[in-house]
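Enquirer: Sequence:
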Amino acid sequence: MRAAAITRTGPASVIEMMDLPVPTPGPTEVLVRTEAVAVNPIDTYIRAGVIRMDLPTPWIPGCDIAGTVEAVGSGVTTRKPGDRVWGSNQSLFGRQGTFAEFCSIDEKWLYPIPDSISSPQAAAGALTGITAHLGLFLHAGLRRDAEILFVNGGTGGVGSTVVQIAKAAGATVITTAGSAEKAAACRSLGADHVIQYHTEDVDARLAEITASTGPVTLWWETLRTPTL
Numbered sequence: 360m361r362a363a364a365i366t367r368t369g370p371a372s373v374i375e376m377m378d379l380p381v382p383t384p385g386p387t388e389v390l391v392r393t394e395a396v397a398v399n400p401i402d403t404y405i406r407a408g409v410i411r412m413d414l415p416t417p418w419i420p421g422c423d424i425a426g427t428v429e430a431v432g433s434g435v436t437t438r439k440p441g442d443r444v445w446g447s448n449q450s451l452f453g454r455q456g457t458f459a460e461f462c463s464i465d466e467k468w469l470y471p472i473p474d475s476i477s478s479p480q481a482a483a484g485a486l487t488g489i490t491a492h493l494g495l496f497l498h499a500g501l502r503r504d505a506e507i508l509f510v511n512g513g514t515g516g517v518g519s520t521v522v523q524i525a526k527a528a529g530a531t532v533i534t535t536a537g538s539a540e541k542a543a544a545c546r547s548l549g550a551d552h553v554i555q556y557h558t559e560d561v562d563a564r565l566a567e568i569t570a571s572t573g574p575v576t577l578w579w580e581t582l583r584t585p586t587l
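Residue numbers (the working numbering): 360 to 587.
Among these hints, one or two may not hold up.
Derived pair list, reagent style BS3-like, types lysine-lysine, alpha-carbon separation capped at 30 Å [said to hold, decoys possible]:
1) 439 - 467
2) 526 - 467
3) 541 - 526
None of these hints come from the bench; they were simulated from the model.
As the structure is a prediction and not an experimental result, all values here were calculated from the model.
Kindly produce the complete structure, drawing on both the sequences and the hints.
Expert: Put into structure tokens, the structure is as follows:
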């Protein structure tokens, strides 16, 4: 199979297209024929050696995948050949990743794709969706219909997903965007209030908005340097 892989960490130029054996699924693994993948920051951090871990050689990056089940291991009970599936977190902790024509993944990390969702859509929403969901509900304890949420950056992968999930849960969502076009995109995703940070004073506008909505109860920070 063709795969994008590395034999050492470094800049993007260390990635090579290689011909590698198709993996054989273990007893609880599913062999997926890849149809779409997504690139996440964690992929670049591991490839660059910023995050260090023991990696096989060669190592295939990639967390997110969507595709069709090609074969299943002897102990697999939840998936069968022909199923459309998506999954994430495959390449973390030194596992072989998804940037290849085939990927062998434990069945517990795979989920069915609804007929209404394309493979690129499923792959694009994988790790970002997991991050947003865990952050909102597990770590922040989002209360349905009871939160005023501020998302600092509502058009990135995670930020845009946070906007959608929080709005679906009933929160009042305030976010920021860098242009009128991006502000419109945020509103289309469900944001109640959008502050354009290049042309508006974020602090002043946030104070103005919360004077009517009530104070922010949850703050989602997407930037490396917190602005709170």
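Enquirer: Which hints, by number, does the structure contradict?
Expert: none
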